[in-house]
Amino acid sequence: MPPPAAHGAAGAAGDKPLVLLAQPLFPNFAAALEGRYRFVLAGDADAATVAEARVLLVPGLVAVTADLIDRFPALELMVATSVGLDHVDLRACRHRRGLAVTNAGVAFSVDTADYAVGLVVAVLRRVAAAEAHLRRGAWATDGEFPLATKVSGKRVGILGLGSIGTLVARRLAAFGCRIAYNSRSPKPSCPYEFYPTARALAAASDVLVLSCALTEETRRVVDRGVMEALGAGGVLVNVGRGGLVDEPELVRCLQEGVIGGAGLDVYEDEPEVPPELLAMDNVVLSGHRAVLTAESMRGVAEVVAGNLEAFFAGRPLLSPVTL
Amino acid sequence: MESLGVLLLRPLDTYLEQELDRRCRLLRLWDAPHDRRGEFLRAHALSIRAVVTGGGSGAGGDAELIDALPRLEIIVCYAVGFDHVDLTRCRERGVRVTNTPDVLTDDVADLAVGLAIDAPRRIPHADRYVRAGLWKANNGYYGLTNQFSGKRVGIIGLGRIGLAIAKRVEGFGCPRTRQQAYPNYTYLPTVVQLAAVSDGLVVACSPKEQSRGIVSREVIEALGPRGVLVNVGRGAHVDQPELVAALAEGRLGGAGLDVFEAESDVPQVLMALDNVVLAPHMGSGTRETRKAMADLVLANLEAHALSKPLLTPVV
Chain A
1 MPPPAAHGAA GAAGDKPLVL LAQPLFPNFA AALEGRYRFV LAGDADAATV
51 AEARVLLVPG LVAVTADLID RFPALELMVA TSVGLDHVDL RACRHRRGLA
101 VTNAGVAFSV DTADYAVGLV VAVLRRVAAA EAHLRRGAWA TDGEFPLATK
151 VSGKRVGILG LGSIGTLVAR RLAAFGCRIA YNSRSPKPSC PYEFYPTARA
201 LAAASDVLVL SCALTEETRR VVDRGVMEAL GAGGVLVNVG RGGLVDEPEL
251 VRCLQEGVIG GAGLDVYEDE PEVPPELLAM DNVVLSGHRA VLTAESMRGV
301 AEVVAGNLEA FFAGRPLLSP VTL
Chain B
1 MESLGVLLLR PLDTYLEQEL DRRCRLLRLW DAPHDRRGEF LRAHALSIRA
51 VVTGGGSGAG GDAELIDALP RLEIIVCYAV GFDHVDLTRC RERGVRVTNT
101 PDVLTDDVAD LAVGLAIDAP RRIPHADRYV RAGLWKANNG YYGLTNQFSG
151 KRVGIIGLGR IGLAIAKRVE GFGCPRTRQQ AYPNYTYLPT VVQLAAVSDG
201 LVVACSPKEQ SRGIVSREVI EALGPRGVLV NVGRGAHVDQ PELVAALAEG
251 RLGGAGLDVF EAESDVPQVL MALDNVVLAP HMGSGTRETR KAMADLVLAN
301 LEAHALSKPL LTPVV
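One line per chain: the protein sequences are A and B, in this order.
Each residue of the first sequence is one higher than the last, beginning at 1 in my numbering.
Each residue of the second sequence is one higher than the last, beginning at 1 in my numbering.
FYI, nobody ran anything at the bench for these hints, they're computed from the structure.
Hints are supplied without guarantee of correctness; some may be wrong.
Claimed, not checked - Pair by pair, the computed Cβ-Cβ distance ranges are: (1) B:Leu-273 - A:Ala-48: 50 to 56 Å; (2) A:Ala-313 - B:Pro-175: 33 to 39 Å; (3) B:Arg-36 - A:Gln-255: 43 to 49 Å; (4) B:Ser-3 - A:Arg-155: 42 to 48 Å; (5) B:Leu-87 - A:Gln-255: 47 to 53 Å; (6) B:Ala-43 - A:Arg-135: 26 to 32 Å; (7) A:Glu-34 - B:Gly-159: 48 to 54 Å; (8) B:Glu-64 - A:Ala-279: 45 to 51 Å; (9) B:Ala-248 - A:Pro-73: 27 to 33 Å.
What the hints assert, rightly or not - If we take Cβ atoms under 7 Å as the criterion, some of the chain B residues that face chain A in the derived model are: (10) Asp-110; (11) Phe-148; (12) Arg-168; (13) Met-271.
As the list claims (entries may be wrong) - Covered stretches of chain B (in silico footprint by chain A; criterion: 3 or more residues with CB under 8 Å from a CB of chain A, positions within the stretch not fixed): (14) 136–143; (15) 279–293.
It should be emphasised that the depicted structure is a prediction, and the values quoted were computed from it without experimental measurement.
Note that CB positions come from ideal geometry on N, CA and C, so glycine has one too.
Sequences are here, hints too, so could you generate the full structure?
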């Protein structure tokens, strides 16, 4: 379904509020927002639109630079369709007084958490590798697949105990795993043990799950030191952002047996996947799809529509982000 | 138990074999070529007092074997299922039987729930997709799958494993539904009724004759085009030809299968599907659990040799 036509008509009043688009809308959003707004691609905006535009909708992970923000003096709201905002120049947003930013809120949390757990089991129990063995016909010829390791009872360290991390913790606790975490600050209301650094958490964990935002502070937080602390039997699962991990170092650590395995849904330069990983059977690879479910897509469309509606009605935003 | 003659039917586990060799008088059935096994058994019949079997269909312990061993006293299963053992003949002969319950409950439950997520979320398929270069070739595109959390999960068989599965799916906010009387769980008297109210069905019942074919065509239809079937019990619990047809034709949404009608013989049709996860009967396939199972096998053998109560007798 093609995106709504982008108008550039100067002074087009009409009933529909103007919303700039950083890139064309995906079909599910177009459907949810059908007929309610006048969409204009930021790149196509004429002088009148530039002066008037109060809202910028950012579909997907297209880069939002300081230049783009500066071009629109009347901008008051940026609506992202993702949870992560590492593609947005947040410093520029902070400098623009009166600019609010919303993200997907908790729309993706459940599916991301489920996916993280699915990856943990797939890596520890070698589900993907065993299936590849079976599909090659090797079960019939080579017999039993080599033994894996138990999920129950493993020490799981969660990096980032936000809405996703909390759900991951609850799920893996039900598997009999012991949960610990590192976050910007300890959360006194949660029953899990807090570690002050990623390295300390890794040293106390068999499985390290990354579910935090990518910021200046967290870029490459998982470095060689953290991986050495995680150890030869340790497994890394990343459903956050590829940028959280020193990716070339991750490849070396896997090759050298510094860590025991990994489940990766995100990479530094998607859709590029380090070719060395393709040869490894202790790694489960996935193409940034933890949130790609019908339920999550419906959920985020509702959040986006809800934020736009709230803004134009002068009501509080649904999912504002602290800049 | 150094004088206890033990027959091991097939290679199971290196640690177990080494311990049996060290502590008993171990005979390995596979030392004899297939067509000379009868001869082998006759030659050693008088010294064999114990048999160690694995699990799964065809694991041995049938009437023919029992009859060939007049001095047989005990069959020790390195497995929790014992459907491969002719219990009637054992009772007639006074042969004891043990299995390995409890030590593998967590592993089987972990895998069952892992399959319940990995199948609808297509995680192993995603791995193949990336490895085949398709993620890059399709410029980062991948289709939508279905959410797992909050779905209604029906559990067939609420024994140790079924209960462990229930505990795990509750962590995902899945409402409790199962097909056996148990407090706090919605009870549906027939499997068809259970399937009709479930988004996912997990087969975790023990291999009894009554549960053969319990997942029938009717059950599969009731589960429907968005339903997912997970089987960590026995291939025999499911009408396999019907299951394969339903999956291929889209009448069933997906499946996670650790067991098959004839193990290691997986229908080609299933291999061509993206909405199934296929596992080579590895419900208990972890280093930790196999060691615990081996230790339990050895402990049962030792108890028998010392005329002490068996730890985990079935008969």
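Verification of the supplied hints:
The given range of 50 to 56 Å is respected by Leu-273 of chain B and Ala-48 of chain A, whose C-beta atoms sit roughly 55 Å from each other. For Ala-313 of chain A and Pro-175 of chain B, the hinted distance range of 33 to 39 Å is satisfied, since their beta carbons lie about 36 Å from each other. The given range of 43 to 49 Å is respected by Arg-36 of chain B and Gln-255 of chain A, whose C-beta atoms sit roughly 47 Å from each other. Checked against the given bound of 42 to 48 Å, the beta carbons of Ser-3 of chain B and Arg-155 of chain A, roughly 44 Å apart, stay inside it.
The hinted range of 47 to 53 Å is satisfied by Leu-87 of chain B and Gln-255 of chain A, whose Cβ atoms lie roughly 51 Å apart. Look at Ala-43 of chain B against Arg-135 of chain A: about 41 Å separates their beta carbons, and that is not inside 26 to 32 Å. Roughly 52 Å separates the CB atoms of Glu-34 of chain A and Gly-159 of chain B, a value that falls within the hinted 48 to 54 Å. Take Glu-64 of chain B and Ala-279 of chain A: their Cβ atoms lie about 46 Å apart, and the range 45 to 51 Å holds.
For Ala-248 of chain B paired with Pro-73 of chain A, a C-beta distance near 59 Å fails the hint of 27 to 33 Å. The beta carbon of Asp-110 of chain B comes within 4 Å of a beta carbon in chain A, closer than 7 Å, and the hint placing it at the interface holds. A hinted interface residue such as Phe-148 of chain B counts as satisfied when its beta carbon comes closer than 7 Å to some beta carbon of chain A; here the least separation is about 5 Å, so the hint holds. Interface hint status for Arg-168 of chain B: upheld, as the beta-carbon distance to the closest one in chain A is roughly 5 Å, under 7 Å.
Residue-level restraint check for Met-271 of chain B holds (minimum Cβ-Cβ distance to chain A is 5 Å; threshold 7 Å). Restraint check on the segment 136–143 of chain B versus chain A: 5 residues with Cβ-Cβ distances below 8 Å, three needed, restraint holds. By the rule of at least three residues with a Cβ nearer than 8 Å to a Cβ of chain A, the coverage given for the segment 279–293 of chain B holds, with 9 such residues.
Violation of the numbered hints given earlier is confined to hints 6 and 9; the remaining hints are satisfied by the structure.
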